[in-house]
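S.K.: Below, each chain spelled out in residue letters.
Number of protein chains: 2
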Amino acid sequence: MPSLSRQRLADRIADILRAQMLTGALKPGYPIHERETAEALGVSRTPLREAILILEAEGLVETAPARSPIVADPSLEDLCDLLLVQANLEALGGELACAKASDAEIAGIRKLYERMVETSEDPDTVGFFKTDMAFHCAIVAAGGNQPLIKTHLQYNSRLWRARYMSSRSRTGRGQTMRDHSEIIRSLEARDAEATAAVLRRHLFQAIANITRILESEEQSPLP
Amino acid sequence: MPSLSRQRLADRIADILRAQMLTGALKPGYPIHERETAEALGVSRTPLREAILILEAEGLVETAPARSPIVADPSLEDLCDLLLVQANLEALGGELACAKASDAEIAGIRKLYERMVETSEDPDTVGFFKTDMAFHCAIVAAGGNQPLIKTHLQYNSRLWRARYMSSRSRTGRGQTMRDHSEIIRSLEARDAEATAAVLRRHLFQAIANITRILESEEQSPLP
DNA sequence: CGCCGTAATATGGTATGCCTAATAACAAGT
DNA sequence: ACTTGTTATTAGGCATACCATATTACGGCG
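From first to last, the protein sequence lines are chains B and Z.
Take 1 as the starting number for the first sequence in the numbering used here and just add one per residue.
Take 1 as the starting number for the second sequence in the numbering used here and just add one per residue.
Hints in this document: simulated from the structure, not taken from any laboratory.
Identical copies look the same in the list; a pair holds intra-copy or inter-copy alike.
With a straight-line cut-off of 25 Å between C-alpha atoms, the simulated SDA-like cross-links for lysine to any residue are:
#1 Lys100 to Asn209
#2 Lys150 to Asp11
#3 Lys100 to Arg201
#4 Lys111 to Ala134
#5 Lys100 to Leu76
#6 Lys150 to Ser75
#7 Lys150 to Leu76
#8 Lys150 to Glu77
Taking the hints into account, I'd like the entire structure generated from these sequences.
M.R.: Printed below as a string of structure tokens:
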């Protein structure tokens with residue numbers, strides 16, 4: 001085993017499991033058996049258990065006594081709660097970005113916006129969606145508030161799947177693109193209030209979308 | 001060993017360590033040696049390591065490769081960042097509480113307020129301070145947003161020490177009590193905007209206090 | 001006398017094994 | 001045939017033993 005590892009094995013395992021949740025290899029509700037999963041990853045149970053602890057703290061898996069940990073399967077209500085908090089975190093991030101971001105950082109955010117415009121007609125939903133997420137993260141990151149960045153990231157990972165489904169099903173990306181256009185504009189104008197307001201509105205829109213989607217697909221758990 | 005434990009040993013260890021941080025038995029910067037601490041607690045290294053993982057995710061300890069984990073020692077800037085996020089979390093919690101709290105819950109919050117009034121002249125700083133914390137937590141809890149409650153709790157535990165120091169040194173509790181009076185009033189009026197505004201202002205005040213205190217005691221790390 | 005290299009020790013990271021408890025399956029009795 | 005009890009298997013929780021690495025101290029060489 002190459003000991004190039006400059007970080008703990010548990011962290012890398014957590015990364016792998018997180019990635020598997022994003023790709024859908026690990027779906028909500030799936031159990032994560034210790035021995036099985038550890039063997040599949042070629043590691044022992046100890047670091048796997050530690051990885052589970054990390055993911056549990058992030059709200060991505062849920063554990064119960066004498067039960068295999070399972071991939072978190074948030075209810076519609078949970079998702080709305082998460083999104084509401086996320087909306088406020090991003091609004092704060094936007095405010096801070098207006099005050100503290102360097103011109104280079106804002107330029108970088110515009111770059112992401114432009115890539116979204118370019119790919120907004122692509123059939124490749126994943127690429128577009130990832131850029132969308134990166135756009136939002138970049139705004140919060142530009143605010144420079146470390147705890148906020150980290151918390152926002154965690155909420156994002158818990159919301160990833162729901163927002164991805166929302167992004168896929170939403171027939172028109174028109175509203176999304178218009179919102180983003182407003183966001184980058186108010187950000188470049190360094191108008192903190194406007195940026196916060198539009199980010200909040202954008203996330204509230206996401207709540208509405210997800211509600212609509214999950215209510216319609218409520219009893220069709222995809223395989 | 002009595003197997004009355006309905007929760008994991010790691011969780012209980014994390015609770016113990018958290019408590020020791022609050023009482024000051026574990027001060028910021030202190031290393032937590034695995035073998036030593038495990039033996040002191042009468043447990044093996046495995047659950048202790050898992051407890052460290054939990055506390056690390058909460059931001060209460062920091063780990064580095066091949067180094068003993070150390071109790072987090074946030075800089076003044078870190079504390080300001082944390083408090084800024086906390087202010088917004090509480091503002092959101094207050095808004096939600098206005099919309100969703102039951103009359104009984106608001107009555108319970110008033111009870112806490114009244115206990116603060118009663119004990120506001122006591123020399124017992126800890127009792128007063130704990131009631132203060134409980135007051136804020138109860139407001140957020142009344143909002144009913146689970147992720148928000150949990151995140152707010154985590155930020156609180158990271159801020160506990162700083163806010164406690166602020167509470168001790170602050171000569172007059174006048175402003176605090178006036179703020180709290182306003183908070184409970186707007187909460188009972190279910191005025192979401194006013195509640196959010198005053199909570200935000202109250203926390204901003206805390207930022208100012210802590211800044212003043214830490215700047216004056218910057219180079220006197222208490223033993 | 002000082003600096004560098006090597007060795008020893010201490011500490012965190014990982015693997016493995018045992019223990020306990022929960023669940024499921026099978027058998028026996030009603 | 002159904003229900004209940006017992007047993008076996010599975011799986012998670014904890015402890016321990018081993019490994020790799022980093023740091024420090026000591027000794028030798030310049």
